Every structure is written in structure tokens, then in C-alpha cells.
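Protein chains: 2
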Amino acid sequence: MKCLKTHKTFNGLTQFWSHDSHETKTEMKFSTFIPEGSIKGCIVWLSGLTCNEENFICKAGSQKILSDLGLMVIAPDTSPRGLNLHGEHDSYDFGSGAGFYVDATQAPYDSNYRMYSYVANELYDLIQNEFKVKNISIMGHSMGGHGAIVIGLKNPDKFKSISAFSPIVNPSVVPWGNKAFSGYLGSDKLKWSQYDSVELLKAGKSHPNTILIHQGTNDEFWKTQLMTESFIETAISINQKHHVKFCDGYDHSYYFIASFIQEQILHHSQYLK
Amino acid sequence: MKCLKTHKTFNGLTQFWSHDSHETKTEMKFSTFIPEGSIKGCIVWLSGLTCNEENFICKAGSQKILSDLGLMVIAPDTSPRGLNLHGEHDSYDFGSGAGFYVDATQAPYDSNYRMYSYVANELYDLIQNEFKVKNISIMGHSMGGHGAIVIGLKNPDKFKSISAFSPIVNPSVVPWGNKAFSGYLGSDKLKWSQYDSVELLKAGKSHPNTILIHQGTNDEFWKTQLMTESFIETAISINQKHHVKFCDGYDHSYYFIASFIQEQILHHSQYLK
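Sequence order for the protein chains is A and B. Okay, so the first sequence: first residue is 1 according to our numbering, each after it adds one. Okay, so the second sequence: first residue is 274 according to our numbering, each after it adds one.
Wrong hints could be hidden among the right ones.
Cut-off 25 Å, straight-line C-alpha distance, at most; resulting in silico cross-link-like pairs (BS3-like, lysine-lysine) [claimed, not checked]: (1) A:K245 to B:K518; (2) A:K64 to B:K332; (3) A:K189 to A:K179; (4) B:K332 to A:K5.
Note that these hints are calculated values from the structure, not bench results. Since we're looking at a predicted model, the values are computed, not measured.
Go ahead and model the full structure; you've got the sequences and the hints to work with.
This is the structure in C-alpha cells:
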């Protein structure tokens, strides 16, 4: 693990790292904020389409509240990099910058595009072993909100709490998810359902703590890609505790995230003690 | 004046604008944050080398405190754009992205590179006429910290208060300033002194209110380009009220700015009532 850059921020450290991933078989990058003093817990942040390890840490304004609460954040890149697989760099919503937090089964993506296992296992272990932090929660935005809910629901013992901004909660039935899942997983919808929050809930997965979601009502992707209402309906039907806050007039951008990041981090802090 | 983008942020609006500038004779862009409700005052933010109208508004995390205090911010681009003057795009520290807040007198820059008058007069009038805000202060970072102090000292009746992060306070004697002033103003050092905070103080310019400066001690440009100590010495010698805060371990980045932006905005809020 190599530290690439360090910037003192709110008495703590914003840092950029690289390491050789055994899951993706590539060099992976991530950013962290580490508060001064003892670290009470760590929140994994998963970013959305086109993002890398820098967007969240530089735009969300999370460091002040993390510093106040003594929490660390870790934000990995959204896909392997440095490869040149067939079709990998052709579009913003598939391949590089768009790993969708699945373990691909389709060639040529199956050897490297293992972002599910990278986050749920390799990065999780790295937080515990390298940063010596045991209490871990997960959150994310859009594609990363999807990743956070899926990974949290499948690993409720590992991740203490889950939250998301504008998550893609039912990727199997929307254009972004269709394209990504077809490319990474092929046509078998049973495989798709393993990475679909709504389908996971229907299949009996749940998390003991309230899942917090913020969704802007001026989000251009709300009705066509995100399917927030399907999550609410399904969560109600299986008694999954959840709190979906519709935020009047907010869009899909980091300006929205910045406005409510404190609320989400405070949510996680209840469970990271 | 054309609104290009609007993002609801902390109950207010982050917006991007363009207008035809009569000073630069080009289309100029700027960003704003406008709080909900009545606006108590406006702070002009001047950015540093290589920046445009987006850096501050997306990275500094200023919107929460501006929203809390009912203050607006306006952040213009750092130079004219869309021209192709000789040498304009050859380096990061001269020409595009590096207007240095002077009115150029050297051809071919003299017709367009009028960033001093653009900010001190045209943008100032635009704030009053288009946004209907009368109380205006000024701040900035690095090259923009230089711009803020110079423009504030030369217009103490217009700008209620001045602050800066890591400002270039004595550009006449450092490499960045030498290069820029030679290119924009020629070799006459008398002209240079009109845009040099230390020289302006020595020549009797002053501001009635405390000038607040934050300077990181881990800033790679501190000792070679910024000359913070010359500002302090000169300010003391002419009784200019000032408060220079050396911030242990902080660098020249937006992570530093984000850490102390609340302090600077609170400083201005005392004078914007």
C-alpha cells in the first residue's frame, strides 16, 4: 500500500493511496480521510458512474463532520484501470468508471471486474488490517448507492449500517442496470438478482439497522433509473427498517450530496461506537 | 446575463452564469451561491492559477456557512477565455487561467486582460444591479488572494473587508509575479507597484478593517512565491490592522481552504450587515 498524496484537512489527513489488488489483478486507488486521534469507525463510500477515488473526498465536504465524530472514510475507485478490454472504454456507463460493484462472469471482464469482492472482502480486510479499524459501515451515490445497499444487505454482520444518495435500487429493470448486468453477468436474470437491492429484499435479505436514503425530487434520473419507490414498497413488505428522505428541489449532483452528507454520517455514527 | 446551471444546495442555489463583459470584450463566466431568503451581503471570491469559475464553488465547502449567515458568494473565472493571443496558452502561470487581476498595458494583452477593472468595477456593479446586493467584501486564494488584497486596498469604500488564503503579497519580487507583470505590464516597476499589496501599503494605501490571512506552514510556495512575512512587516510599519494565522501542517490546496473557509466567511460577516 503506497501513500500518493497527503493533505492536512480539519486537523486530520486527506490521503490518496494505491495498492495491488488480488481481486482485480490491477493497481487500485482509493482516498481516505483519517481524523486526528483515535478512530471510532470507518465508512466505505462508493462513488457513481464516471467517478474515481477523488470525487467524493474533494467535493462532498465530509471532512468536518468526520473530524468532529472521529470517523474515517475510505473511497475506492469505481472500476479497475489500466486495462484495455474489448469495449471497456466505449461508454460512460459500462467498463472503466462503471464497475457496478458486481463480480463479472462474462469474458473478458470476469478476471478483473470483481468490484463486489474487492469492496466487500479485500477493501474490508484492508481497513481492518492496515488502518486497524474494526467498525465499518457503507454508503454511496447512484451506482455507488446501489453498491452500498447490495453489499450491506449481503453482509449485514460486516457492515454495521447502510445509507445512500440517489441509489439505483432496482438495476435489473432500468437501462443503466440492464446494460451493465448484460455485459458483466450475461443474460441469466438469476445472476442479476444477486446484485439488485429490491430483488435481494424480496429473496429475504435484510439488515438489522435502518437503511437511510436521500433522494432529490429534481433528480433527472429518479423516475427512469433509480426506482426509489420500488425500494420503499419492498422494504415495507418485508419489514426492513428504512428511512427514505425525499429532498425537495435537489438534483443528482455533489451539491446535493454536500447538503446532506452530515445527516448520513451522523446516521452511521450511531452504529460505529 | 445567462444562467447556465442551477443546483439546489443547503436550501440555497449554486449557479453558473455567463455574460458579455465590456472590460474583457469576451464572454465571462462566474459561479454564485445565493442563500434562501434575504441576502445580507456578498463576498467576491478570486481563484488562483489554473482555476476557473468552478473550483471554489465545488471544492471549498462554503455553502453551509453562507446559507447559515444569509450571505452570497460570487466567483469569477481567472482570465478571459476563447482568445488565442500570442503566448496565451503556453504556460500555467501566464495568460489563460492566470490573469493576475491587473489591467494589462502590453500588446496583445491590453485589450482583453483587464481583470482588475473587471472585478473591481464591472463585476462589482453587476452584483449591485443584477443581484441587488449592496454590501460587498472580497477574498481569494494565492493569485486570487493577491487580487483580493490589491483590489480591497485600492477600493476600501467599495469592499467592506478583505481576507485571503496563501496570498502572493509581494508579486514584484517573486517568480510568478515577475513573469506575469513583465508580460502584462512591461518593465516599468512603477506600474508593477500598483498591483503589489506590500508596495501599496508602503505607498499609503490601507483598509479600515482587519485584513485576515490564513497561511499553511506546509505550503510549498510559502517561502518562494508568497512572501507572507513581508506583508506582516509592512502592515505593522503603517498600522494596517491585520491578522495572519499560520496554520500548522496545512498546504496550498483546497483541502486547506475548506478547513478554514468558515473562519474567513465569519470574519466578513461582521462587516456585511
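* To do: Provide an ascending list of the numbers of those earlier hints which the structure does not satisfy.
  => Result: hint 1 breaks, nothing else.
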